[in-house]
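Top line first, the protein sequences correspond to chains A and B. Residue numbering for the first sequence follows our numbering, beginning at 1 and increasing consecutively. Residue numbering for the second sequence follows our numbering, beginning at 1 and increasing consecutively.
Because the hints were derived from the structure by calculation, they are not lab data. Hints are supplied without guarantee of correctness; some may be wrong.
In the SDA-like style, the derived pairs of lysine to any residue whose C-alpha atoms are separated by at most 20 Å in a straight line are [said to hold, decoys possible]:
#1 A:Lys44 x B:Arg183
#2 B:Lys122 x A:Gln48
#3 B:Lys121 x A:Gly51
#4 B:Lys121 x A:Glu55
#5 B:Lys60 x A:Leu70
#6 A:Lys56 x B:Lys29
#7 B:Lys21 x A:Cys3
#8 A:Lys44 x B:Leu186
#9 B:Lys28 x A:Thr68
#10 B:Lys28 x A:Lys44
#11 B:Lys63 x B:Leu6
#12 A:Lys56 x B:Leu6
#13 B:Lys54 x A:Arg65
#14 B:Lys21 x A:Asp15
#15 B:Lys29 x A:Pro59
#16 B:Lys168 x A:Pro12
#17 A:Lys44 x B:Lys121
#18 B:Lys60 x A:Glu71
#19 B:Lys127 x A:Thr227
#20 B:Lys54 x A:Lys44
#21 A:Lys44 x B:Gly64
#22 B:Lys168 x A:Asp19
#23 B:Lys127 x B:Arg183
#24 A:Lys56 x B:Ala157
#25 B:Lys28 x A:Asp19
#26 B:Lys21 x A:Leu58
#27 A:Lys44 x A:Arg22
#28 B:Lys21 x A:Pro12
#29 A:Lys56 x B:Asn150
#30 B:Lys168 x B:Asn150
#31 B:Lys168 x B:Glu184
#32 B:Lys122 x A:Val47
#33 B:Lys136 x B:Ala157
#34 B:Lys28 x A:Leu53
#35 B:Lys29 x A:Glu71
#36 B:Lys168 x A:Asp15
#37 B:Lys28 x A:Leu70
#38 A:Lys56 x B:Glu45
#39 A:Lys237 x A:Cys201
As the structure is a prediction and not an experimental result, all values here were calculated from the model.
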Amino acid sequence: MDCRVVQELISPYIDGELDRERARQLEAHVESCSECRQRLEEMKAVVQMVGALEEKELPDDFADRLQTRLEAEQVTGMIHRKRVGFSSWMKWVGMAAAAAVIVLAIRVLSLNGLMYTSPQEKGRTESAAPENMSKSFVADSRDEGGTGPSDTQADAADKQQELDRGDVGASEYTSETSEQAQEADGYIKSDKVELMVQDVCINPQTLMIRAVQHGIDVVDQTQDSITLKVTSIEQRKALYRELELLGVVKEVGTNFESDTVTIVIVEQE
Amino acid sequence: MNEEALFIEKARNGDVSAFEKLVSLYAKKIYNYCYRMTDSREDAEDLAQEVFIKVYQNLKSFKGDSKFSTWIYRIAYNTCVDRYRKNRKLDTVSLNYGKDEDSVKIELVSNDPLPEEEVIKKERYRKLQACIAGLKPEYKTVIILRDIQNYTYAEIAEILQVPLGTVKSHISRARAALCDALREMLE
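Please take these sequences and the hints and turn them into a complete structure.
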């Protein structure tokens, strides 16, 4: 066995990875070769030293920081998923918009007196038409038909009760007039709000984290705004409460029937 | 099913506390692995966290064909190598620090007085760590896995996804390179 081969085998020899015959040959060689013996002793010592290196303790806040980064990652991942499904989402927005146009057209017709519905017919219409649309139609005709103010108030109260329970689907917003929406306070009513902030650290990411805590999905995000999908009144209220803690909330949207809300962050001087 | 397998199964199904348990099982090992790869506590923390984020994101793709420990170390190795390639920082910073005698002195004088033997020992370990960090990534990873974390040749082959023969030759060359670097530094 020559020195070059021996020096290649020293490392596996230290680890006990050589077969018995090779190990014996190596031992015989190093007994007679001082250079290889020295090399073996040196490598043994270094391996021993490396093995004795102390383990470092984890930084104290390692888990907390990891938690924060994981939360941020989850949110980012969600945005990515949302963008993947954007085209199908747009299809639904288109259908919702079409439904809204139909509802508005019916309202305009009834306001102009072009369409008259007797109280009896109202009942029949309600049972025959799709539920969401019928509610809107009946409520509107009742207002226009001169039923007493107490009826209107009772209707609004019923509606508010439904909203408070959080069991109102996004489609039911299409039946609510903007005036009614504006009456109730303490939640975001339109599709766009401005959040006036003084803290420059508040950014769309801040809002995203808070939204996710309430099960609100993120639809899109820009440098100074975020668009969220709100599917219940509870989510609108929760969002409003969160925004109020961060700054002054100002309704600027004109669409009260959308199931998305865009929050634009405006830094105050 | 052992405890670790149970945590993995639960974490794959979205159980956050099970994932936290997995983190607590491996955090110190992975942090130390990254520390030995970088010779920087700051980089080690950042890299170790990146490793666990990748583990979290890819947990569903872990089929259990290899051991979980092997899988997580493979992610750690790839993460460190990616970082190395990106900024080439792992080598240069470590070597500069190790060769900078003043930095060793500063560290030594700032501590409580130690017996002379302890001072020499500490300095030797500091230099050893600098020499390890100065090796190329393929070499330092085998030194860390074999000589610090006591993985077998077969496990290292699985982590690095290379043949057993490559692991043997890498360990052999890495140790030889470390001996040379240390000798040069101590001369």
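To see whether the hints hold, each was checked on the structure:
Simply put, A:Lys44 and B:Arg183 have alpha-carbon atoms about 14 Å apart, close enough for the 20 Å limit, and the pair holds. Taken as a hint, the B:Lys122 and A:Gln48 pair is honoured in the structure, with Cα atoms around 15 Å apart against an allowance of 20 Å. Using a Cα cut-off of 20 Å, the hinted pair B:Lys121 and A:Gly51 holds, with the two alpha carbons roughly 14 Å apart. Restraint check: the Cα-Cα separation between B:Lys121 and A:Glu55 comes to about 16 Å, which is no more than 20 Å; the hinted pair holds.
A distance of roughly 16 Å separates the Cα atoms of B:Lys60 and A:Leu70; the hinted pair therefore holds under the 20 Å criterion. Between A:Lys56 and B:Lys29, the direct Cα distance comes to roughly 9 Å. Compliance with the 20 Å bound is thereby established for this hinted pair. Proposed proximity of B:Lys21 and A:Cys3 is contradicted: the alpha carbons are some 50 Å apart, above 20 Å. Our distance criterion of 20 Å between C-alpha atoms is met by A:Lys44 and B:Leu186, whose separation comes to about 17 Å.
Proposed proximity of B:Lys28 and A:Thr68 is supported: the alpha carbons are some 19 Å apart, at most 20 Å. Restraint check for B:Lys28 and A:Lys44: not satisfied, since their Cα atoms lie roughly 27 Å apart, outside the 20 Å limit. Of the supplied pair hints, the one linking B:Lys63 and B:Leu6 holds, its CA atoms being roughly 14 Å apart against a limit of 20 Å. A distance of roughly 28 Å separates the Cα atoms of A:Lys56 and B:Leu6; the hinted pair therefore is violated under the 20 Å criterion.
Distance check on the hinted pair: B:Lys54 and A:Arg65 sit about 15 Å apart at the alpha-carbon level, within 20 Å; holds. A threshold of 20 Å between alpha carbons decides the hint, and for B:Lys21 with A:Asp15 the separation of about 33 Å lies outside it, so the pair is violated. Taking the CA atoms of B:Lys29 and A:Pro59, the gap is near 13 Å; set against the 20 Å cutoff, the hint holds. For the hint linking B:Lys168 to A:Pro12, the alpha-carbon distance of about 7 Å falls within 20 Å, and the restraint holds.
Distance hint between A:Lys44 and B:Lys121 is fulfilled; the C-alpha atoms sit about 17 Å from each other, no more than 20 Å. Taking the CA atoms of B:Lys60 and A:Glu71, the gap is near 18 Å; set against the 20 Å cutoff, the hint holds. Note on B:Lys127 and A:Thr227: the hinted pairing is violated, with a Cα-Cα distance of about 54 Å set against a maximum of 20 Å. Of the pairs offered as hints, the one joining B:Lys54 and A:Lys44 is violated, with about 37 Å between alpha carbons and a cut-off of 20 Å exceeded.
Only pairs whose Cα atoms come within 20 Å are accepted, and A:Lys44 paired with B:Gly64 is rejected, the gap being roughly 36 Å. A distance of roughly 14 Å separates the Cα atoms of B:Lys168 and A:Asp19; the hinted pair therefore holds under the 20 Å criterion. Between B:Lys127 and B:Arg183 the CA atoms are separated by roughly 10 Å; this keeps the pair inside 20 Å, and the hint holds. Taking the CA atoms of A:Lys56 and B:Ala157, the gap is near 25 Å; set against the 20 Å cutoff, the hint is violated.
Between the alpha carbons of B:Lys28 and A:Asp19 the distance comes to roughly 35 Å, so the proposed pair goes past 20 Å and is violated. A C-alpha spacing of about 15 Å is found between B:Lys21 and A:Leu58, which places the hinted pair at or below 20 Å, so the restraint holds. Taking the CA atoms of A:Lys44 and A:Arg22, the gap is about 18 Å. The hint holds against a cut of 20 Å. In summary, the hint linking B:Lys21 to A:Pro12 is not supported, as the alpha carbons are separated by about 36 Å, beyond the 20 Å threshold.
For a cut-off of 20 Å, the pair hint linking A:Lys56 to B:Asn150 stands: about 16 Å separates their Cα positions. At roughly 14 Å between alpha-carbon atoms, B:Lys168 and B:Asn150 fall within 20 Å of each other, so this suggested pair holds. Annotation: proposed proximity of B:Lys168 to B:Glu184 is violated, straight-line Cα distance about 24 Å (limit 20 Å). Of the pairs offered as hints, the one joining B:Lys122 and A:Val47 holds, with about 17 Å between alpha carbons and a cut-off of 20 Å not exceeded.
For the hint linking B:Lys136 to B:Ala157, the alpha-carbon distance of about 17 Å falls within 20 Å, and the restraint holds. Between B:Lys28 and A:Leu53, the direct Cα distance comes to roughly 14 Å. Compliance with the 20 Å bound is thereby established for this hinted pair. Taking the CA atoms of B:Lys29 and A:Glu71, the gap is about 23 Å. The hint is violated against a cut of 20 Å. Restraint check: the Cα-Cα separation between B:Lys168 and A:Asp15 comes to about 10 Å, which is no more than 20 Å; the hinted pair holds.
Under the criterion of a C-alpha separation no larger than 20 Å, the hint pairing B:Lys28 with A:Leu70 is consistent with the structure, at around 18 Å. A C-alpha spacing of about 11 Å is found between A:Lys56 and B:Glu45, which places the hinted pair at or below 20 Å, so the restraint holds. Between A:Lys237 and A:Cys201 the CA atoms are separated by roughly 23 Å; this puts the pair beyond 20 Å, and the hint is violated.
When held up to the earlier numbered hints, the structure conflicts with 7, 10, 12, 14, 19, 20, 21, 24, 25, 28, 31, 35 and 39 and fits the remainder.
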